[in-house]
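Peer 1: This is what each chain is made of:
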Amino acid sequence: MKSYNPYSKEVMKHFFNPKNVGRLKLPHGTGEAGNLLCGDIMRIYIKVKRDKKTGGRRIADIKFECMGCVVAIANSSMITSMAMGKTLEEAIKITKDDVLKKLGKVPPIKIHCSILAVDALREAIYDYYSRNKLPIPSELQKEHKRIQKAIKTIEERHKEYTELEKKILKQKSK
Amino acid sequence: MRRVYMDYAATTPVDPRVLKAMKPYFLKYYGNSMSLHSWGIKAKEALEESREKIAGLMNANPKEVIFTGSATESDNMTLKGIAFANKERGKHIIISSIEHHAVLEPAEWLEKQGFEITHLPVDQYGLVDLKKLEDAIRKDTILVSIIFGNNEIGVIQDIEEIGKICRERGVYFHSDATQAFGKIPIDVKKMNIDLLTVNAHKMYGPKGVGALYVKDGISIEPLLHGGGHEFGLRSSTVNIAGIVGFAATAEIQKKEMNEDARKQTELRDRLIKEVLKIEDSHLNGHPKKRLPNNANFWFAYIEGESLIIQLDMRGIAASTGSACSSASLEPSHVLLAIGLKPEEAHGSLRLTIGKYTTKEDLDYVSKVLPGVVENLRKISPFKRGWK
Chain W
1 MKSYNPYSKE VMKHFFNPKN VGRLKLPHGT GEAGNLLCGD IMRIYIKVKR DKKTGGRRIA
61 DIKFECMGCV VAIANSSMIT SMAMGKTLEE AIKITKDDVL KKLGKVPPIK IHCSILAVDA
121 LREAIYDYYS RNKLPIPSEL QKEHKRIQKA IKTIEERHKE YTELEKKILK QKSK
Chain P
1001 MRRVYMDYAA TTPVDPRVLK AMKPYFLKYY GNSMSLHSWG IKAKEALEES REKIAGLMNA
1061 NPKEVIFTGS ATESDNMTLK GIAFANKERG KHIIISSIEH HAVLEPAEWL EKQGFEITHL
1121 PVDQYGLVDL KKLEDAIRKD TILVSIIFGN NEIGVIQDIE EIGKICRERG VYFHSDATQA
1181 FGKIPIDVKK MNIDLLTVNA HKMYGPKGVG ALYVKDGISI EPLLHGGGHE FGLRSSTVNI
1241 AGIVGFAATA EIQKKEMNED ARKQTELRDR LIKEVLKIED SHLNGHPKKR LPNNANFWFA
1301 YIEGESLIIQ LDMRGIAAST GSACSSASLE PSHVLLAIGL KPEEAHGSLR LTIGKYTTKE
1361 DLDYVSKVLP GVVENLRKIS PFKRGWK
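Protein chains in written order, with this note's numbering: chain W, 1 to 174; chain P, 1001 to 1387.
Simulated from the structure, these hints should not be mistaken for lab results. Quick caveat, the model's predicted, so the values are computed rather than measured. The beta-carbon is built from N, C-alpha and C at its ideal position, and this holds for glycine as well. Check each hint, because a few of them may be wrong.
[To be verified] So the derived list for chain P, only partly shown, Cβ under 7 Å to chain W, looks like this:
hint, residue
1, Tyr-1301
2, Glu-1303
3, Glu-1305
4, Ser-1306
5, Ile-1309
6, Ile-1379
7, Ser-1380
8, Pro-1381
9, Phe-1382
Generate the whole structure from the sequences, applying the supplied hints.
Peer 2: Spelled out as C-alpha cells, the structure:
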C-alpha cells in the first residue's frame, strides 16, 4: 500500500534523534537563517581546524539549534552531519538538493526548510571568514548578501504585520 | 503503548448506538426518499422523523431544517444563498475575525462578486464586542455571521445578545454551531438565530452529514439546483443512512449532553491546570466561556508541527495552529486575532476531549507533554526570551 506519511523514514529518524544538537562554547563561526513568521529559526555553530601541512581549514565540530517543524529539525541534523569534517570549500558547496537527496521525500511546501539549513551553514562559514579577516570567496559573498536581504524582507513583512496588529488593538480600545 | 485521542474537535468516533440505528438504512431500507413506492415511502418516513429530531435539539420547526452534506456546505449556502437572495436590500455582510474557513472563504469570494465584508475584531479571549457589532451594522447590512463556539480556542460567544441586536436592527443572524451543537444547549427561538449550521461528525455521528436551520420566511438561494429535494433548497439524493445517524446522535445527546458537559468541563479544567504547570505555557481563549471539551495552549520557543509529531509518536493525537502545519505557511488567523504574535501562534497546541475520554487518558497526556515540550526546547535556540 502507498504510504501517505508526508515524511520519509530518514526525515523521521533525524527528527526523533537529531544529531549535533546544541551550542558550541566559543564557536569560530555562527550562522542564522529563517524567520519567526514562518516559524523556523536555525542557528549553526562551527569550530574550524587548520591542517598544519596543507593549510586547509576543516570543520572540526558543528552544532545546531532550531525552532522549527519536523523537516527543519531533520534538515539541520542532516546538514550538520554532512558538513562535519569537510573543508570549508567543500561545505560551502553543499546544496539543498544534496540534503534533500539524503533525506528522501519532503512535501514541496517544506523545501524552503532545506534552503534555510544551507543558508545557516553558509552564514556560519561566512562569519568564520570575516572574523578571521580571511578573503571571502565571491560566491559566498553573494550568498551572504542574498540571505541578509531575505531576512530583511521578512522583517519588513513582520513590521507591517505588527503595525496592523497595533491598529487593530487601537480600534479595540476606542 | 497507550493511545489517547485528543482531537475530538477534528472529528469524533461514531457512537455504537448511532451505527446500529444506521445499519438497516444501508441494507434493508435503501430506498430513495423521492420514489413513489413503499421503499421510497419508508425512506421518506425516516427522513422526516430525523428532521424532527434535529429540530428538537435546537427548538426549531422541522420544516426549518435542511439537510446538507457538511457544515462547510451549510456555511457556504448561508453566505452565498443569503447574499444572492437579498442583494437588492444591500450588499454588506459582517463576520467575526475568528470564523472557520468555511465562512471566511465564501465571504472572501463574495467580496470578489461585489459584496462588502466587515471583519469584526475580537478581544484577547476571542469575544466579539457587542458595541462594535452595533456600530458595524449599516442600512445595507444583510447578514451577520458569528461562530457559536470556536473550533480552535473554544470561546463561546454571547449568542443571545448578538441575536437580539441583529433582530432589533432587522439583519439576518447566522451562527456556525458545528462545534457547539450537541455539546451545549442551543435554542434558536430564545437566541434569535435566523440561520444555524450544524453537523453530525463532531457529535459522534457519521461524516458527510450536516444541516442548516433556516428560519421560516427567510429568502435564500440554493447552492445545488436539481431534483428539488429539501424543499427545493438542496437538490441531491438524500443520504438517508447518514441522516438517520445524525438524528440518532441528536436524540442521544439531547438526553446526555448536560451530564457529558459537566464531566468534560471538569476533565478539561484539570487538564488545563496540569498543562499550565509547564514553564512558559499559556492558555488561549476564555477561561470560563469555552466549549466543555476544548483546551488550547501556546508554549514559547517551540513549533507546533514538531510537537504534534512528537506526541503522535507517544500515542497522543492533537492539533496545532502553527504555520508549518498549514498549506499557506501562515499561522492560524484565530490565534493572531486574539493578539498572539506569529512566533507565539507557532507553538500552539489544541487538545480536545470527548465523551470517551477518561481521567487516565488525561493523566497520561499530563505525564507525557512536559517531556515533549522540554525535548523541543532543548533543540530550540530560544530558552528564555526571544533572543
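Peer 1: Each hint: holds or not?
Peer 2: Hint check results:
1. Evaluation of the Tyr-1301/P hint against chain W yields a held restraint, the C-beta minimum of about 6 Å falling below 7 Å.
2. The restraint placing Glu-1303/P at the interface with chain W holds, with a minimum CB-CB distance near 5 Å, inside the 7 Å limit.
3. This hint holds: Glu-1305/P has a C-beta 4 Å from the nearest C-beta of chain W, less than the 7 Å allowed.
4. A least Cβ separation of about 6 Å between Ser-1306/P and chain W falls short of the 7 Å threshold, and the interface hint therefore holds.
5. Checking Ile-1309/P against chain W by beta carbon gives a least distance of about 5 Å; that is within 7 Å, so the hint holds.
6. The beta carbon of Ile-1379/P comes within 5 Å of a beta carbon in chain W, closer than 7 Å, and the hint placing it at the interface holds.
7. Nearest Cβ of chain W to the Cβ of Ser-1380/P: about 4 Å, under the 7 Å cut. The hint holds.
8. At its closest, the beta carbon of Pro-1381/P sits 4 Å from a beta carbon of chain W; the interface hint therefore holds under the 7 Å criterion.
9. Contact between Phe-1382/P and chain W, as hinted, is supported at the beta carbon level, the nearest pair being about 6 Å apart and thus within 7 Å.
Violated hints for the displayed structure: none, as all numbered hints are satisfied.
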